[in-house]
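Participant: For reference, the chains in residue letters:
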Amino acid sequence: MAEHDITLTVNGTEHELEVESRTLLVHALRDELGYTGTNVGCETSTCGACTVHLDGDAVKSCTLLAVQADGATVDTVEGLADHGEFHPIQTGFQEEHGLQCGYCTPGMMMTATDLLEENPDPSREEIREGLEGNLCRCTGYQNIVNAVENAAETMGSGAVADGGSVEELAGGDACASDPNAGAETTDRCEVRWPDEGESE
Amino acid sequence: MSIESLDPDDVDAADILGSAIERREDPALITGEAEYTDDIQLPEMLHMAILRSQHGHAEISDVDTGAAEEMDGVVAVYTHDDVADEAVSRDGSLLIPTGWLLDSLRQVDHPVLAKDKVRYQGDAIAVVVAEDRYVAHDATNAIDVDYERLDASADPDAALDGEAGQLHDDAEGNVAFDWEIGDEERTEEAFDDAAHTVSLDLENQLLIANAMEPRAAVADYHPGTDELDVFMTSQNPHLHRLLMSGVIGHPEHKLRVKAPDVGGGFGCKIHHYADEALVALVARDLERPVKWTSTRTEGYKTDAPGRGHVTTAELAMDDDGNITGLRVDTKANLGAYLSTFAPAVPTYLYGTLLSGQYDIPAIHASVTGAYTNVPPVDAYRGAGRPEASFLVERLASLGAREAGIDPAEFRKKNFVPDNAFPYQTQVAVEYDSGEYGKPMEKALETVDYDAFRERQEEAREEGRYLGIGFSCYIEACGLAPSELAGQLGAQAGLWESSLVRFHPSGTVTAFCGTSGHGQGHGTTYAQIVANELGIPYEDVEVVEGDTDEIPQGMGTYGSRSAAVGGSALVKSSQKLVEKAREIAAHQLEADPADVEFEGGEFGVSGTDRSLGIKEIAQQSYLAHDMPDDMEPGLEATSFYDPDNFVFPFGTHVAVVEVDPESGEIEFENYVAVDDVGNQINPKIVEGQIHGGVAQGIGQALYEGAVYDGNAQLLTGSMQDYAVPKSLHIPDMETESTVTPCPHNPLGVKGVGEAGTIAAPQAVVNAVTDALEPFGVDTVEMPMTAERVWNAVNEQATADGGDAADATDADTATDADADTGGEN
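If you read the protein sequences in the order shown, they are chains L and H. Once you know that position 95 of the first sequence is 95 in full-length UniProt numbering, the rest is easy, because the numbers rise by one and skip nothing. Once you know that position 111 of the second sequence is 111 in full-length UniProt numbering, the rest is easy, because the numbers rise by one and skip nothing.
Hint data in this document are derived by calculation from the structure and do not stem from the laboratory. The structure presented is a predicted model; accordingly, all values stated were derived computationally and were not measured. Just so you know, not all the hints are guaranteed correct.
[Said to hold, decoys possible] Over 12 angstroms on every C-beta distance to chain L, these chain H residues come out as not near it, computed from the model:
no., residue
1, D15
2, Q41
3, D62
4, E69
5, A124
6, V262
7, D539
8, G606
9, A785
[Unchecked claim] Covered stretches of chain H (in silico footprint by chain L; criterion: 3 or more residues with CB under 8 angstroms from a CB of chain L, positions within the stretch not fixed):
no., region
10, 212-225
11, 294-306
12, 618-629
13, 692-704
14, 709-722
Just so you know, even glycine gets a beta-carbon here, dropped at the ideal spot from N, CA and C.
Next comes chain L alone, as it looks inside the complex:
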């Protein structure tokens, strides 16, 4: 099996690693690099437990080859919080009891943050549509929808309410340069999604 040298920038840290042609991105993250927060729930891109951000977009890392991600930035659940300060989506999940066993939660949150970037103020129906690629067997989804609403409100009360966007709230450079961004938001921007602004 051919081996390939690839570079992945995971949560802001650059890693060089050697993978087989067939190594899945999720296995490179979990087994090679130790980012075990991203889970595997199926092999068919159905359950979404393995969702990560690839160059800023939510993707299912169980059906993507690691070599396809060569040179990309990958953001995982481990990168959501900033030095112990939860991202609003994490706070939303905790406050709304949006998780039980927690296995789907990392993927669910990564999809939700992508959703909120696209649509900072989604309706409940839009949240349910946005999450349809992520399965949860514990919660019946209702409190997950509440959690995403909760996060949208929190995020909206910062940059978005002042005329900014969630994308700015998430991206370091945009955020720091946005005079309307709240102080809390600015603090969070430096570590999270460092290459957000470079997404295609």
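Fit chain H to the known structure of chain L by using the hints.
Facilitator: For chain H alone, kept in the frame of chain L given last:
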């Protein structure tokens, strides 16, 4: 009404029990810090993959492992004969045992690796151990198995009719057992004298649990001490240790089973499978750590499915619509072998719940267990109780229609009256407490029932079909009083054990033999213990799921953790307080009888002298000034054995709109009013109901394990088996009433399975109510649009009319032919 979560810091210590505090489990789970079994990496770890049967039923004439063994990176390959070598098996049975026996049970051998025959697609034939997980899977493909296929069937009726071929020499006609409960003669008389009867043929389809985390195990053997650590996705590590000890021939005290974070179970992680035992066996043999993680497809082929009943049920009523008798005949699918609790599920967890919430004077049920070519069937969320509640509540709706009584009124008039508790049913169990009218009234109010019927009438005039469906469920939880369980066939006691230990500095670790996998025990148990000891919630840590840390335990299933595990924690806490009281009395120079304990303080009545329990804890470890003959330290262990099952109940109401032209069903509302006794944490209760209802709706509308005529699984991936998605589940309104359990110290009844038990029949009743104008009185689950459409059109055709919009019998027949594996 949605419950608002509270920050535990904002809750007074005196109010901690019963507060909807946020879960302490969450920070690890939302940051990726949690450790599930597959996250474990050990030095020199190998990976195991399992070669499974391609066929539902076949003789195996040869297994050639030569090519696999020669592959780079393959360390070892084992077949049945390899593991049977005494050096590998030691004195292990290598047979998977069942933990529940019935008088008529025909037990059969279930080898960890198939010998000459495979009996379901997924039956393990060989294992490969390799340096890499991909290589291990590659190598299974290089093993050559010579199969000689045999007749197979996934259907219990067909298996009992001889269509499946004989699975086991020890079970003639594929009969696993014949079982009955109730009074056959009296029931027959009730039917002879009935003014009205209704009958229902139903299939309660086979379901796959679909815990989001696939099963997995990592085993690590220490040759120097002969200790074998097994980290695995378990709902009951102690039970797994006990059973595995016998299977692989490893002494129980040298075997550690630990459940790391577990990503859901819903029953499928209770049972002892061959797979985890094989991981332990090969790790011991190779003296290297070994990991196995099920793929999802592998899980579909091997995780114990649940339900799988084919039933005829009949209800007898008098002139006034009073229920006078219930008669049930069920063929239960047990799969290819007997799983851990399999014999109990379609018998004592099913037949004993057939009285529902109703005062039924005569009941008889007979159940035949069938060996078939599906994976061993066992408990899936609800386990037996959903099957019972489904038929009782379907019959209640059909009976009301037959008797010409409103379905809500029909139920109310047949409820066990409030003054009849404890209520002895005709099917062995005695209900502890209940006020069945209360949730029903609350549900009717929440859906505004009278207004709904008016709206329904108006909508029908516009050609829109709304329907309302009731489900007044009962369940028996808190498994189980050990003596009774033993009389019924359990091969284990079903008590729970706990240890509550003060540390010298005044904090507490509470150990419990249950094993949570998403329920939030770390939070709720700490609420219980903090309340009992009068100390801050944050000073209590909870430990579960590790046989090396917790004295003994029976695990988490059957909605038993709060009722049995929680009660064990209360009992240990109380023992601990009694010891502390004696130390306090000694140091306060008072009679222990005069020392009162409240809010964490021991005070001498009539004085202002007092000592806090944390101070006593410190004193107990200093042991400088103890009562005579008292041992130092402050901890207590207890075993709590419940006096009875607990019986949660409630009323769920589904309101739907059905489009008879497309067969599509839309929810207008779903109301759940549950009485689970006292609530330790109402937010967690709400979450359990939401999730349970979603699984029940899944059964009603989407889910089902479908096999073809050769017992090949057609729904073998998440693309084929319809686990409900976010858009499939409606927002629910949840309400509760509180009728405390009278026989456990917390007054709790259990909530883990309520939603799953209640929901399917609420939805089916709503759909059939909507389609009443078309004469539809039943639709099989899962109620796909096609099935609904067919039900409408077949009925219209049978009636000779064209009510269902110009659809004729030919079209219906064509559609039937196209369904393929649908049924």
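Participant: Which numbered hints does this structure break?
Facilitator: Hint check: 2, 6 and 12 fail, others pass.
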